[in-house]
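Asker: Given the sequences, and given the hints that come with them, work out the whole structure.
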Amino acid sequence: MRRPTNHRNPANHSEHGVHPRVPLVRAWIGVHRWRLAAGLLAAAAALVTVTRNGVVESVGGHTLYTPVPWILLVPMIASVAVGIGAASVTQYLPDPPRAKVARAAWLLFLALAATAVCLPGVGDTRIGQVTVAAVIRNVLFCIVLAMPATLVRQPQYCWILPSLYLFAAAQFGLTTPGSQWWAMVLRPGTQASELLITGVAFAAIGVIYALRRPSL
Amino acid sequence: MNRLVKFHLRMLMGPWAAAAALGFALAIGVMRGTPYLGEGMWTVRWFALGLWMVWPVIAALSAVDAARLTTPEARYLVLTARHGQRGYTAAAAWAAVPSAVVHLLVILTALAIGSVAHPRGGWPIIALAILAQLSTFLWFAALGSFIGRLLSPVLAGVVALAASLGLAQVLTNMGLGARGGFNPLGDSGASVSQIGLTWNPVHLVVQILVLAVTAMVLMMPRPQVVAGKLAPGFGTLAAAGITALALIALPALIPGESLLAVPVAPSACSGERPTICVFPEHERLAGPLVDDVRRLMDAADAHGYTSLIPERVEEASHRHIPADGKTLRSLGFVERETPGMAELIQTLVYPSWCPAVSSEEPPPSEFWLSLDSVVVTWMGLINEEYQPGVGGMALTPDGVASLMTAWQRCDVSADAPTPATE
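So the sequence lines, in the order shown, correspond to chains A and B. Those letters in the first sequence? Residues 1 to 216, per my numbering, in order. Those letters in the second sequence? Residues 1 to 422, per my numbering, in order.
It is worth saying that the hints were derived from the structure and are not from the lab. These figures come from a predicted structure and were not determined experimentally. Some hints could be false.
Claimed, not checked - Residues from chain B shown here face chain A by an in silico Cβ test under 10 angstroms; the list is partial:
| hint | residue |
| --- | --- |
| 1 | Met13 |
| 2 | Met31 |
| 3 | Trp52 |
| 4 | Leu155 |
| 5 | Ala156 |
| 6 | Thr172 |
| 7 | Ser188 |
| 8 | Val192 |
Cβ coordinates follow ideal geometry from the N, Cα and C atoms, glycine included.
Answerer: Right, here's the structure in full:
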């Protein structure tokens, strides 16, 4: 049963306007689209389970040059979850420095959750071993592509850049065997340089997100 | 008119799917050097290679637009207004039509660049095939709108994206339809020459009709608001059921193959002993291959291996390999990259007219040894390096002649002839 609260009573509010009975973390989660994000992460987890060790050989009736492990594509869904989860549903709230730190931590948490959802899919496939580093690279890279929509306060379009990139990579980036350098996310292995570039890009998008408060 | 376009470009995201359609079509247009530019049917099917990427974008943007119209702040425009349905229809149309126009213009431009004045099979079948492709744009916009009317804008896009990718897989040649049979979304493109084939017009007409009708069905239901929340009503469930039933049942009901064979002989011929003929559309590409054949024939003639020289060498087309074992040999398919000389020799001498080598049962091992020996011999005549695949040895002119005579009779298990002395 819901506990009765009196919002008008100043005694029920803390100095900074947060209801004392609502923990700060819960309040933070409450002003973000956590349900949609959690739902999409659950869908990604289900896809990881169903497609374990599987490969995609064709898309839309179009046979790919080289099969691509499913687990390399799931990070796209997880990244959309991160983009949507990072969007705040509030407007015109104060934005002190500690809120910026909290945003950075929130993005990191979402990215960790997305990675955790995808990692169980790591393993052998018909075209080779998918490494943990490759999945982390893909999760971070797709988040970098999904976040611009959130930053311009349009989280409903988080899917656009990751999906366009993956479509183009699958259609134009695959060669027999392997892939073009720019279609790196379709390779089961990874190189240190790819991880470095992706990590730097993720850090940059994280800093922008932390400093510039996106809301609807 | 200009203001109307500007207004919709500002208010809707659907029209911007045309940018993705243009980008993908241009990338397809320059992919692998567009080898068969000049073939009408190939041009149309080549640009179908990019449809699988455009469909989800159209569906997802259409879904977001429909969902935005259904939000509590905007739903008075479509749910309570007398002609509110027009809002959804207009949004879906703005998602489909600009992309379809871009796709059409790209195909027409490619046909113009390829100087396709008189396509094989005529313009009507080309127009019908293009119309069938464009009808898929309309269908995916309707599908997106249908999904968008049930979900919030944030979720609608990604759900429509996933749904359209799944349906694109199921409703093309990889899914419910038998390979080569009727597929509700039509073919998914081709990269090899299409000479010798034409579309099945019945399949194209059925595809256009079924996509148009089911798109209309998907556009019909208005969402219901129960206690302030969206809920699928009877109309929604009925529309989904009718559409699913039509799309699942049709591939089993429509007979025939989606592509029909039209045997045709190449008409651009040159030289003699042998006369080499290619299709006029491929003359641009055929030069190096014809030179290679001429080099092989000259070498065979100079060394007395006249049994290797037919009267005529013709380019193959789909489902037709022009070789009869007597006077005619196949050149294979003219492609952008010429095959290696060893592969070309195999193509020229391969007895494709014999059931023993074209059935599912593999030919006897003697055949492979003999074929390898012919390749070794001919490669030696043109002084090119060749590592025998199955232990073939160089043959004398008489040995090659006896082998050719045996293959002419389809005696493919004939003993390997006497090797030539060093």
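Asker: Hint numbers the structure violates, sorted upward?
Answerer: 8
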